[in-house]
Amino acid sequence: MSALLDIAGLTIKTGTTTLVESLNLRIAPGERLGLIGESGSGKSLTAMAATGLLPPSIKATGSVTLAGQQIIGTPDHQLNRLRGTAVAVVFQEPLTALDPLMRIGRQIAGPLQRRAARDGNPLSGAALDKAIFDLMADVALPDPQRIAHAYPHEISGGQRQRVAIAMALACRPDLLIADEPTTALDVTTQAEILRLLDNLVRQRNMALLFISHDLPVVASIVDRVAVLRRGVIVETGPVAEIFARPQHDYTATLVAAAHAFDAALGEQP
Amino acid sequence: MTTLDVISPKRRSHGSVTLWAGLALVGLHIAIGLLTLVWTPYDPTGMSGGRLEAPSWLHWAGTDRLGRDFLTQIMVGSRIALIVGTGAVAIGAALGVTLGILAAFASKLLDDALAATLDILIAFPTLLIAMLVVAASDTANLASAIIAIGIALSAIVARLTRILVKRVLLMDFITAARTSGSSWPAIVFGHVLPNIWPTLSVNFALQFGLAVIAEASLSYLGLGAPPPNASWGRLLQEAQGTVYTAPIGAIAPGIALVSLVIGINLLADGLRDSIDPTRRAR
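Chains A and B, in that order, give the protein sequences. Residue 1117 is where the first sequence starts when you use our numbering, and the numbers rise one by one after that. Residue 11 is where the second sequence starts when you use our numbering, and the numbers rise one by one after that.
There are no misleading hints in this set.
Below, in silico cross-link-like pairs of lysine-lysine (DSS-like), each with a Cα-Cα straight-line distance of 25 angstroms or less:
| id | chain 1 | residue 1 | chain 2 | residue 2 |
| --- | --- | --- | --- | --- |
| 1 | A | Lys1175 | B | Lys176 |
| 2 | A | Lys1129 | A | Lys1175 |
| 3 | B | Lys118 | A | Lys1129 |
| 4 | B | Lys118 | A | Lys1175 |
| 5 | B | Lys118 | B | Lys176 |
| 6 | A | Lys1129 | B | Lys176 |
Stretches of chain B that chain A covers, calculated by requiring three or more beta carbons in the stretch to come under 8 angstroms of a beta carbon on chain A:
| id | region |
| --- | --- |
| 7 | 185-192 |
| 8 | 198-206 |
Since the hints were made in silico from the structure, they are not lab data. Heads up, the beta-carbon is just placed ideally off N, CA and C, and yes, glycines get one too.
Work the whole structure out from these sequences, hints included.
Encoded structure:
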């Protein structure tokens, strides 16, 4: 089966500093891959490279193919048709990822209308309202009438992340990139958001690239894990395998830390 | 109660007081300006009394050296000030916002060139621009004053817009919009403009005050509306010779000018708090 996202020999540089080196990753349609690593290891850069949205000062070489389209070197207006169709992204900090001056309902309507227009059946009026409320129900947002008319600063952090997920789902992407979507949330909310993402991705048969620095979080939602350290992938494999027999010292440290944390909480993984 | 709850009601009431005071002053000038379209106490250009009469029940602000009623001329001056302010800010805003957005999106080289041009334009006195416009159009009139002031304001607006746009473009929600496939025009109109609008609109209000003062200066120097148009600047200039014998001729237009500009600045201040939903009471 051909890969949905195929990254081969991706090197990302700014000036003379190499941020990511000869990275290879493949995600098949419907597959869930976790990309884990510490801060500054190049996780988010890899995700941005996959959508072709690296800042101009950062140069990527190698090959990134998304839904059969080469990303690197392709003009922006062509990539724009892929974004919000083949791929959508959920970001770490939902407060800054939402427009502070736009009501929630309007923000969800944006990607909904865009996707509908691309599919050739524009959405407006009552049908649009229904689609917005349906999505809000899908992400389990309470009191949709109130929240649809609220501004981002008027709702809670967990609710904001649900809105961000709703906006990503509105694109009906083949690949959902979740860039540390639970890091900015408290532990209880984290668990809820993870369960929600897990269910939604499963129901819709989307592929998932889940980026995190937290091994247990990643393990709970993906099938396969790639461990990134200082811009290099040190290990790739199924979640269970990585947990049971980490090959690389760095992975072993991560696994040990996760076990130690669980032991401290008095739970078994 | 947290500190925020204690502080915010105070701030809010302060905001609304300035807003209402500003609205009242500006509203008064607008009302007077509109009134002069249909009614004035006397003919603004005709003699209605003796020369340089002191204020009386017949002539509340006295008469000028040709025996024209001062109050009437000051009232007509409100209309002229408002017309010039509105026209100049409209030109400045349209030109400035467009230029500012273009500069923010331009390549490094073009952006630097535009920024340098704007800096030079800002360094140019409005007076000099007005003289150039007058020279180009061969006559000094209201339109040439509006255009000159509009051009001068556009440089300030453009520089502010450029910085505001650049700052908004760095924000996460712009990247988020890009990842979901928004086009640049959609992002500019849907996200960038609404996010810079609160700051811009307050700035437009302040520019309006500057425009009113600039018009008075230009008219004072004979580069604005030609006589017998009753511009405040021209009234001040005509009163200059008789300022010791009939000070009311300088004081009255001065009060009119200052009250409008203060009103506009108060309005701008009040607007800032009420227009931005993230600054409203939670």
